[in-house]
Amino acid sequence: DQQVKQNSPSLSVQEGRISILNCDYTNSMFDYFLWYKKYPAEGPTFLISISSIKDKNEDGRFTVFLNKSAKHLSLHIVPSQPGDSAVYFCAAHGPVQGAQKLVFGQGTRLTINP
Amino acid sequence: EPEVTQTPSHQVTQMGQEVILRCVPISNHLYFYWYRQILGQKVEFLVSFYNNEISEKSEIFDDQFSVERPDGSNFTLKIRSTKLEDSAMYFCASSARVRGETLHFGNGTRLTVT
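Residue numbers (this note's numbering), protein chains in the order written: chain A, 1 to 114; chain B, 1 to 114.
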């Protein structure tokens, strides 16, 4: 049951360039999407979210884009910094359970090279 | 910034033994959760808890698992008779609301069943 998929297990980007992490979902009932960042030996940390009524949300260097027709979202980080090296998880939930039942993707390990 | 704390950070137990994982959620939060991540796999929802009862649970959360909020601050996950496949990182999380709300995760307890 892979309702949220991150097809790239890893991504390597040069410092200062743009990092683009992708996520696809299959459940059309999802109405809220989140990105979490995870360092080793730590829990996931919330990064940015977007409601299904929007197609873009920006917070500093981080922008999330949502394409509902394609059931696709992406996280853009620009400029990428060494501290951005982490595993990034896409997550989603629907209107009924809300955040009570987040569904996570498999994660993408982002490495920022100096 | 307030945070979710989990103890212990690492628990080793023998198959068939009972374990209790402990969590102190953020103090003004009302919703509490357990997630787990088996090594190399995605973060999976186990259970959510609100108003002193389970509000949602996954197929993983069978009769071997139970949760409790024994006092005003702690939130525990008990596994009655551990199996090898219970080895995973267990993350506790909490949130103030359930809609449009991010979950705040603890750093996890690594459970190793031998």
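The set of hints was computed from the structure by calculation and includes no laboratory data. Note that the coordinates shown come from a computational prediction; the quantities given were computed from them, not determined experimentally. Be aware that one or more of the hints could be misleading.
Claimed, not checked - Within a straight-line C-alpha distance of at most 25 Å, the following computed SDA-like cross-link-like pairs (lysine to any residue) qualify:
| no. | chain 1 | residue 1 | chain 2 | residue 2 |
| --- | --- | --- | --- | --- |
| 1 | A | Lys71 | A | Pro40 |
| 2 | A | Lys101 | B | Ser66 |
| 3 | A | Lys101 | B | Gly16 |
| 4 | A | Lys5 | B | Val98 |
| 5 | B | Lys57 | A | Lys56 |
| 6 | B | Lys42 | A | Ile50 |
| 7 | A | Lys54 | A | Gly83 |
| 8 | B | Lys42 | A | Ile20 |
| 9 | B | Lys83 | B | Arg110 |
| 10 | A | Lys101 | A | Glu15 |
| 11 | A | Lys56 | A | Gly94 |
| 12 | B | Lys42 | A | Gly16 |
Tested hints:
1. With a C-alpha separation of about 29 Å, the suggested pair Lys71/A and Pro40/A falls outside the 25 Å cut-off, and the hint is violated.
2. Between Lys101/A and Ser66/B, the direct Cα distance comes to roughly 17 Å. Compliance with the 25 Å bound is thereby established for this hinted pair.
3. Taken as a hint, the Lys101/A and Gly16/B pair is broken in the structure, with Cα atoms around 29 Å apart against an allowance of 25 Å.
4. Between Lys5/A and Val98/B the alpha-carbon distance is near 23 Å, which keeps this suggested pair within the 25 Å criterion.
5. A hinted pair counts as satisfied when its Cα atoms are at most 25 Å apart, and Lys57/B with Lys56/A does not qualify at roughly 31 Å.
6. Distance hint between Lys42/B and Ile50/A is fulfilled; the C-alpha atoms sit about 21 Å from each other, no more than 25 Å.
7. The straight-line distance between the Cα atoms of Lys54/A and Gly83/A is roughly 28 Å, outside the 25 Å bound, and the hint therefore fails.
8. Distance hint between Lys42/B and Ile20/A is fulfilled; the C-alpha atoms sit about 20 Å from each other, no more than 25 Å.
9. Of the pairs offered as hints, the one joining Lys83/B and Arg110/B holds, with about 14 Å between alpha carbons and a cut-off of 25 Å not exceeded.
10. At roughly 35 Å between alpha-carbon atoms, Lys101/A and Glu15/A are farther apart than 25 Å, so this suggested pair is violated.
11. A threshold of 25 Å between alpha carbons decides the hint, and for Lys56/A with Gly94/A the separation of about 18 Å falls inside it, so the pair holds.
12. For the given pair, Lys42/B sits about 29 Å from Gly16/A by alpha-carbon distance, which is inconsistent with the 25 Å threshold.
In summary, the structure is inconsistent with hints 1, 3, 5, 7, 10 and 12 from the numbered list given earlier, while agreeing with the others.
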